[in-house]
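Engineer: Sequence order for the protein chains is A and B. With this note's numbering as the guide, the letters of the first sequence map in order to residues 1 to 233. With this note's numbering as the guide, the letters of the second sequence map in order to residues 1 to 244.
Keep in mind the hints are simulated off the structure, nothing from the lab. Check before you lean on any hint, since a few could be wrong.
Stated by the list, open to error - Here are the simulated DSS-like pairs of lysine-lysine, each with C-alpha atoms no more than 27 Å apart in a straight line: (1) LYS221(A) <-> LYS178(A); (2) LYS134(A) <-> LYS157(B); (3) LYS16(B) <-> LYS178(B); (4) LYS118(B) <-> LYS173(A); (5) LYS207(B) <-> LYS173(A); (6) LYS157(B) <-> LYS163(A); (7) LYS107(A) <-> LYS145(A); (8) LYS163(A) <-> LYS22(B); (9) LYS108(A) <-> LYS133(B); (10) LYS157(B) <-> LYS157(A); (11) LYS216(B) <-> LYS157(A); (12) LYS118(B) <-> LYS128(A); (13) LYS157(A) <-> LYS39(B); (14) LYS157(B) <-> LYS128(A); (15) LYS145(A) <-> LYS22(B); (16) LYS89(B) <-> LYS145(A); (17) LYS16(B) <-> LYS134(A); (18) LYS237(B) <-> LYS128(A); (19) LYS173(A) <-> LYS16(B); (20) LYS128(A) <-> LYS190(B); (21) LYS150(B) <-> LYS128(A); (22) LYS128(A) <-> LYS172(B).
To be verified - Facing chain B, from chain A, some residues (calculated, C-beta under 10 Å): (23) LYS62; (24) LEU66; (25) SER67; (26) ASP113; (27) ARG126.
By construction, the Cβ of each residue, glycine as well, lies at the ideal position given by its N, Cα and C atoms.
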Amino acid sequence: MNTTSINFKSFVEWDNSPFILFSNQGKIIYLNNASEILFGYVSKQELYDIALSYAPKFFGYKTTTLSLAYDSFLFYAITVGYENETEISLRLYNTPRLKPKHKLETKKLILTDINILLEANIALFRTKNTNPLKLLTDQDLPHLKIDQNNFSKLLRKAFNAFKSSDSMDVSLKFLIGKHVIIEEKKIAIVQLVIQANGRYNDADDEIQVLATQSQIKLILKENAIYLEIPLLV
Amino acid sequence: METFFTTSQKIQHIIKSFNLTKTLYVSSIIIGESHTGKKSLARYLFPNATIVSGDNKEELISALEHNDELIITDFEKINNHNILDFSNKRIIATASYMGNASIIDDIFAFIYMMPPLKERPEDVNYLKEYFIKEACNTLMIEPNTIDMSKLYLNLSKNSKSLKKSIFSYINKQTMDDKDIQEILYHYLLKQLKGNDGYKEYLGLYEKPLIEAGLAKFGSQLQLSQILGINRNTLRKKIHEHNIH
Numbered sequence: 001m002n003t004t005s006i007n008f009k010s011f012v013e014w015d016n017s018p019f020i021l022f023s024n025q026g027k028i029i030y031l032n033n034a035s036e037i038l039f040g041y042v043s044k045q046e047l048y049d050i051a052l053s054y055a056p057k058f059f060g061y062k063t064t065t066l067s068l069a070y071d072s073f074l075f076y077a078i079t080v081g082y083e084n085e086t087e088i089s090l091r092l093y094n095t096p097r098l099k100p101k102h103k104l105e106t107k108k109l110i111l112t113d114i115n116i117l118l119e120a121n122i123a124l125f126r127t128k129n130t131n132p133l134k135l136l137t138d139q140d141l142p143h144l145k146i147d148q149n150n151f152s153k154l155l156r157k158a159f160n161a162f163k164s165s166d167s168m169d170v171s172l173k174f175l176i177g178k179h180v181i182i183e184e185k186k187i188a189i190v191q192l193v194i195q196a197n198g199r200y201n202d203a204d205d206e207i208q209v210l211a212t213q214s215q216i217k218l219i220l221k222e223n224a225i226y227l228e229i230p231l232l233v
Numbered sequence: 001m002e003t004f005f006t007t008s009q010k011i012q013h014i015i016k017s018f019n020l021t022k023t024l025y026v027s028s029i030i031i032g033e034s035h036t037g038k039k040s041l042a043r044y045l046f047p048n049a050t051i052v053s054g055d056n057k058e059e060l061i062s063a064l065e066h067n068d069e070l071i072i073t074d075f076e077k078i079n080n081h082n083i084l085d086f087s088n089k090r091i092i093a094t095a096s097y098m099g100n101a102s103i104i105d106d107i108f109a110f111i112y113m114m115p116p117l118k119e120r121p122e123d124v125n126y127l128k129e130y131f132i133k134e135a136c137n138t139l140m141i142e143p144n145t146i147d148m149s150k151l152y153l154n155l156s157k158n159s160k161s162l163k164k165s166i167f168s169y170i171n172k173q174t175m176d177d178k179d180i181q182e183i184l185y186h187y188l189l190k191q192l193k194g195n196d197g198y199k200e201y202l203g204l205y206e207k208p209l210i211e212a213g214l215a216k217f218g219s220q221l222q223l224s225q226i227l228g229i230n231r232n233t234l235r236k237k238i239h240e241h242n243i244h
């Protein structure tokens with residue numbers, strides 16, 4: 001098939017996965033739309049360094065499977081390639097969003113004051129830890145429908161990840177401007193953030209499973225855990 | 001109505017957390033050594049909840065079917081955890097040990113560790129006074145007639161051994177000649193055998209006699225005079241009974 005007459009630029013431009021072309025000086029020669037958003041969360045230098053580290057030994061293209069996470073952007077592989085000495089390309093492959101296997105049975109959920117669950121979990125955490133904890137919360141948040149047991153397990157594990165931090169900041173607030181679609185309805189989001197100077201990541205997989213079961217979006221960072229909880233009423 | 005006393009910071013946090021989740025449908029477990037007050041705490045916090053033991057499978061299954069709020073004691077005795085459906089129920093379980101940590105972690109949202117009595121000195125003091133009062137009432141003894149300065153509190157089995165050591169101490173303090181003779185009589189009736197019984201069992205009397213005498217009078221010389229025996233004989237007896 002003769003493809004030389006086809007201009008592929010717009011296909012790359014509108015690809016959902018980020019594509020960046022660097023010069024041999026590390027300057028950006030070209031980037032597609034998806035990478036523009038990504039650069040809000042990662043520096044040019046970091047991605048250039050990754051491109052150099054995973055570049056093939058000779059001219060050509062090399063795909064490497066690896067896990068990269070920049071805020072909520074997750075990638076499972078990259079392709080680095082060059083055909084001359086002046087340009088090197090990096091393409092990052094978006095990790096597919098898993099559709100939750102288990103459907104949220106909203107009818108079985110109980111309207112809950114999320115502040116009570118949060119405070120109970122803080123009291124539980126306090127039975128084992130004495131590190132200072134600052135809590136900033138919105139007492140006026142409406143009651144929301146949630147699986148109380150499952151959400152409590154999620155909170156326990158999320159808090160445990162900070163068990164030996166010097167001090168912790170916990171905040172619970174209404175996330176303005178963001179929504180999630182559940183059962184074809186637009187649902188507002190409440191965001192819970194736990195952050196400290198460091199955290200354990202050994203239970204990350206379990207936290208992810210529990211969050212997915214409650215259709216909570218989880219963002220794991222080096223020093224923080226973000227939970228975006230749908231405000232089902 | 002069940003009451004629960006504690007000054008332990010850890011248990012105060014447990015109570016606070018339970019009070020917050022009192023109206024929620026979550027599953028909680030209190031894990032700790034026997035006789036640390038797990039069941040009392042659960043009954044104090046949930047006075048109207050049905051109580052069932054993990055020991056009795058049929059009863060447990062039926063209780064789970066018919067109740068939304070349930071206290072399950074001896075959770076470690078449940079073999080098959082697949083029979084448990086805790087969804088939208090308020091479950092408070094107690095267990096003497098963790099057992100399979102991953103199962104506990106999987107089933108329960110709130111996992112509390114009850115500290116043993118030796119980590120709760122203020123609670124020990126409170127329980128000591130409580131049990132002394134109870135012992136004096138039961139044994140019909142005036143509390144101020146007993147010297148408590150030599151009371152040794154055994155905490156190896158938490159409140160059970162603590163209570164036993166107090167009852168036993170108070171009981172011993174109030175015995176008279178007749179009681180002691182009676183105790184010795186029953187003991188000897190059971191134990192006496194062999195061919196050197198006289199010498200062997202004389203120690204039952206001799207050892208406490210010399211020990212108490214040395215504690216009271218200090219020197220062997222003075223004690224030999226009090227006892228009216230030769231100093232060398234006393235020395236020999238001290239050596240024989242290995243008294244320091």
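Engineer: The structure should be examined with respect to each hint, and the outcome stated for every one.
Structural biologist: Each hint tested on the structure:
1. LYS221(A) <-> LYS178(A): holds, 20 Å
2. LYS134(A) <-> LYS157(B): violated, 39 Å
3. LYS16(B) <-> LYS178(B): Outside the cut-off at roughly 53 Å; violated.
4. LYS118(B) <-> LYS173(A): Status violated; Cα separation ~42 Å.
5. LYS207(B) <-> LYS173(A): Given pair LYS207(B), LYS173(A) is violated - Cα atoms ~74 Å apart, limit 27 Å.
6. LYS157(B) <-> LYS163(A): Status violated; Cα separation ~30 Å.
7. LYS107(A) <-> LYS145(A): holds, 9 Å
8. LYS163(A) <-> LYS22(B): With Cα atoms ~25 Å apart, LYS163(A) and LYS22(B) stay inside 27 Å; holds.
9. LYS108(A) <-> LYS133(B): violated, 51 Å
10. LYS157(B) <-> LYS157(A): violated, 32 Å
11. LYS216(B) <-> LYS157(A): violated, 61 Å
12. LYS118(B) <-> LYS128(A): holds, 17 Å
13. LYS157(A) <-> LYS39(B): This hinted pair holds, its Cα atoms lying about 26 Å apart.
14. LYS157(B) <-> LYS128(A): holds, 23 Å
15. LYS145(A) <-> LYS22(B): Given pair LYS145(A), LYS22(B) holds - Cα atoms ~17 Å apart, limit 27 Å.
16. LYS89(B) <-> LYS145(A): Within the cut-off at roughly 16 Å; holds.
17. LYS16(B) <-> LYS134(A): holds, 18 Å
18. LYS237(B) <-> LYS128(A): violated, 55 Å
19. LYS173(A) <-> LYS16(B): The given pair, whose Cα atoms are some 23 Å apart, holds under the 27 Å limit.
20. LYS128(A) <-> LYS190(B): The hint is violated at about 51 Å.
21. LYS150(B) <-> LYS128(A): violated, 35 Å
22. LYS128(A) <-> LYS172(B): The hint is violated at about 41 Å.
23. LYS62: violated, 40 Å
24. LEU66: Result: violated, 29 Å to nearest chain B Cβ.
25. SER67: violated, 25 Å
26. ASP113: At about 9 Å, which falls below the 10 Å cut-off, the nearest Cβ of chain B leaves the hint on ASP113(A) intact, so it holds.
27. ARG126: Status holds, d = 5 Å.
Against the hints set out earlier in the document, violations occur for numbers 2, 3, 4, 5, 6, 9, 10, 11, 18, 20, 21, 22, 23, 24 and 25.
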